[in-house]
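**Q** Here the protein sequences come in this chain order: A and B.
Everything in the first sequence is counted per UniProt numbering, starting at 1 for the first residue and increasing by one.
Everything in the second sequence is counted per UniProt numbering, starting at 1 for the first residue and increasing by one.
Just so you know, not all the hints are guaranteed correct.
Unchecked claim - Reference excerpt, derived from the structure (chain A facing chain B, CB under 8 Å, subset only): (1) Glu-94; (2) Ser-128; (3) Gln-132; (4) Leu-235.
As the list claims (entries may be wrong) - Each computed DSSO-like pair below joins lysine-lysine, with the alpha-carbon atoms no more than 30 Å apart: (5) A:Lys-176 <-> B:Lys-178; (6) A:Lys-179 <-> A:Lys-81; (7) A:Lys-176 <-> A:Lys-152; (8) B:Lys-152 <-> A:Lys-81; (9) A:Lys-45 <-> A:Lys-67; (10) B:Lys-179 <-> A:Lys-175; (11) B:Lys-45 <-> A:Lys-179; (12) B:Lys-10 <-> B:Lys-53; (13) B:Lys-176 <-> A:Lys-175; (14) B:Lys-81 <-> B:Lys-53; (15) A:Lys-178 <-> B:Lys-24; (16) B:Lys-10 <-> A:Lys-67; (17) B:Lys-178 <-> B:Lys-152.
What the hints assert, rightly or not - Estimated spans, in silico, between C-beta atoms of each pair: (18) A:Thr-29 <-> B:Ser-69: 55 to 63 Å; (19) A:Phe-64 <-> B:Ser-69: 43 to 51 Å; (20) B:Lys-81 <-> A:Leu-26: 32 to 40 Å; (21) A:Glu-153 <-> B:Ile-33: 41 to 49 Å; (22) B:Lys-40 <-> A:Leu-143: 17 to 25 Å; (23) B:His-107 <-> A:Gly-31: 24 to 32 Å.
Keep in mind the hints are simulated off the structure, nothing from the lab.
For each residue, glycine too, the CB sits at the ideal point set by N, CA and C.
There are 2 protein chains.
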Amino acid sequence: MHLFFQPDPKVFELDEEESRHCTKVLRLTSGDIIYVTDGKGRLQKCRLNIGRKNVTYEAVESSFIPKRSYNVHIAVAPTRKAERNEWMVEKMTEMGVDRIDFIVTEHTHRETVSRVVNMARLNRIAASAMKQSQQYYMPEIRLVTDFPSFIKECEDGTRLIAYVPDNHLTEHVIKKVKKHSNTILLIGPEGDFSPEEVILATTNGFEAVSLGATRLRTETAAVAGCHAINLAQLL
Amino acid sequence: MHLFFQPDPKVFELDEEESRHCTKVLRLTSGDIIYVTDGKGRLQKCRLNIGRKNVTYEAVESSFIPKRSYNVHIAVAPTRKAERNEWMVEKMTEMGVDRIDFIVTEHTHRETVSRVVNMARLNRIAASAMKQSQQYYMPEIRLVTDFPSFIKECEDGTRLIAYVPDNHLTEHVIKKVKKHSNTILLIGPEGDFSPEEVILATTNGFEAVSLGATRLRTETAAVAGCHAINLAQLL
Numbered sequence: 001m002h003l004f005f006q007p008d009p010k011v012f013e014l015d016e017e018e019s020r021h022c023t024k025v026l027r028l029t030s031g032d033i034i035y036v037t038d039g040k041g042r043l044q045k046c047r048l049n050i051g052r053k054n055v056t057y058e059a060v061e062s063s064f065i066p067k068r069s070y071n072v073h074i075a076v077a078p079t080r081k082a083e084r085n086e087w088m089v090e091k092m093t094e095m096g097v098d099r100i101d102f103i104v105t106e107h108t109h110r111e112t113v114s115r116v117v118n119m120a121r122l123n124r125i126a127a128s129a130m131k132q133s134q135q136y137y138m139p140e141i142r143l144v145t146d147f148p149s150f151i152k153e154c155e156d157g158t159r160l161i162a163y164v165p166d167n168h169l170t171e172h173v174i175k176k177v178k179k180h181s182n183t184i185l186l187i188g189p190e191g192d193f194s195p196e197e198v199i200l201a202t203t204n205g206f207e208a209v210s211l212g213a214t215r216l217r218t219e220t221a222a223v224a225g226c227h228a229i230n231l232a233q234l235l
Numbered sequence: 001m002h003l004f005f006q007p008d009p010k011v012f013e014l015d016e017e018e019s020r021h022c023t024k025v026l027r028l029t030s031g032d033i034i035y036v037t038d039g040k041g042r043l044q045k046c047r048l049n050i051g052r053k054n055v056t057y058e059a060v061e062s063s064f065i066p067k068r069s070y071n072v073h074i075a076v077a078p079t080r081k082a083e084r085n086e087w088m089v090e091k092m093t094e095m096g097v098d099r100i101d102f103i104v105t106e107h108t109h110r111e112t113v114s115r116v117v118n119m120a121r122l123n124r125i126a127a128s129a130m131k132q133s134q135q136y137y138m139p140e141i142r143l144v145t146d147f148p149s150f151i152k153e154c155e156d157g158t159r160l161i162a163y164v165p166d167n168h169l170t171e172h173v174i175k176k177v178k179k180h181s182n183t184i185l186l187i188g189p190e191g192d193f194s195p196e197e198v199i200l201a202t203t204n205g206f207e208a209v210s211l212g213a214t215r216l217r218t219e220t221a222a223v224a225g226c227h228a229i230n231l232a233q234l235l
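Please take these sequences and the hints and turn them into a complete structure.
**A** Right, here's the structure in full:
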């Protein structure tokens, strides 16, 4: 099944990158059948028409794949290396994530954020991971610069913050997730959240959880947390 | 806690890379306290002695950190991109893995294996991930070129193969893992295991398991499987 991404349902043409993949990599020709999703659950079976300048298609069949019964929302401080932020997005998208917020925290290296969080690139990576893992929903990716407002405006659902207080008595995230309901998990930067940020989160309904016995890098923590929230739905 | 790795307990000197990290990055000086592990559970508190040519240390205290009550053994077909094999090793080491075997299967691109599985480099990455996640055991990393013999010689414990047969009735790996006992999980290449390989494994005690609802890339499957085996211990 050759799956392509076209976010605009009114457009029946592949963008440059998708066209290249279609003709140069997959070597498809006019009349071949492809599948196109808008990243919002719509899946269309289409017939290709490869022109000189562009690759268009006409819809043969259209279906809608309903969303899962729960949302996974990961809010994570960006690492200082762009490629680690990129693979976080790729891996969480493969495993299943609805929203990824890169949050600028007190201990986040602000100077580098604009360089290491490139939205256009992150969205391309998410689109490719969505197609590769044969999903039909694109995660929403955002940059959050005002952490306090973000915490206060957080939507309903199970609100968790990956943070191990001195008493080390926090339970693992997998034991706190509720089935068929939304979960948001906060992951701090290297150097962790500041005490003020932890207090702000916990006084706004966020519960401290652990991510396991070993100390994980920020990007590993995000992927492990996202995976654990998905696994909790199976238990 | 500044943790360093010296596999030979008879040597009281840091290698070149560790020495550079100690003096140039951490800017430690003679008399400072460091911790040294041999990657086999031994943890020594040591006093630094920074010489002109080398960085040595004397042990002040020595302790032994017992192994976990279970082993995680992941046998995975290498991807065709070295960096994806490298991050598999890094992430599984952070999450906790005892043995990683890169297995050459029927659908593995043999020509590239020697290029994309660089043992020296993978062991450096594992050592750095072990220290970073403050663990004291190095995973054993190997290249397995004879898949049939490997399957027949597999040690005891829960033997699983990530493979979704046509009937799609396999349970998730997290439901098959037994607490406080060893688990080995086989992960196939792009293009999956060959039917013969699946039959060989299942007739030799390997049970087919799923890794979740979405289709994961090989390296993501390995990390997700390793994580699920560790999480199963908490349930």
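**Q** Within 30 Å, alpha carbon to alpha carbon, are Lys-45 of chain B and Lys-179 of chain A?
**A** violated, 45 Å
**Q** Between the beta carbons of Phe-64 of chain A and Ser-69 of chain B, is the distance compatible with 43 to 51 Å?
**A** holds, 47 Å
**Q** Holds or violated: Lys-178 of chain A with Lys-24 of chain B, Cα cutoff 30 Å?
**A** Violated, because 47 Å separates the two Cα atoms, which is more than 30 Å.
**Q** Is the straight-line distance between the alpha-carbon of Lys-45 of chain A and that of Lys-67 of chain A 30 Å or less?
**A** holds, 19 Å
**Q** Compare the distance between the alpha carbons of Lys-179 of chain B and Lys-175 of chain A with 30 Å, and conclude whether the hinted pair is satisfied.
**A** holds, 17 Å
**Q** Mind checking the alpha carbons of Lys-81 of chain B and Lys-53 of chain B for me, to see if they're no more than 30 Å apart?
**A** At roughly 37 Å apart (the allowed maximum being 30 Å), Lys-53 of chain B and Lys-81 of chain B break the hint.
**Q** Could you grab the alpha-carbon distance between Lys-10 of chain B and Lys-53 of chain B and see if it respects the 30 Å cut-off?
**A** Given that 30 Å is the threshold and the Cα spacing comes to 19 Å, the pair holds.
**Q** Given the range 55 to 63 Å, decide if the beta-carbon distance of Thr-29 of chain A to Ser-69 of chain B lies inside it.
**A** Holds, since Thr-29 of chain A and Ser-69 of chain B (Cβ atoms, about 58 Å apart) stay within the stated range.
**Q** Does the nearest C-beta of chain B fall within a distance shorter than 8 Å of the C-beta of Gln-132 of chain A?
**A** holds, 7 Å
**Q** Taken at face value, is the distance from the CA of Lys-81 of chain A to the CA of Lys-179 of chain A at most 30 Å?
**A** Outside the cut-off at roughly 34 Å; violated.
**Q** Has the given pair, Lys-176 of chain A with Lys-178 of chain B, been kept, meaning a C-alpha gap of at most 30 Å?
**A** OK: Lys-176 of chain A and Lys-178 of chain B at ~22 Å, within 30 Å.
**Q** For the range 24 to 32 Å, tell me whether the beta carbons of His-107 of chain B and Gly-31 of chain A fit it or not.
**A** holds, 30 Å
Of the hints listed earlier, those the structure fails to meet are numbers 2, 6, 8, 11, 14, 15, 16, 20, 22, in rising order.
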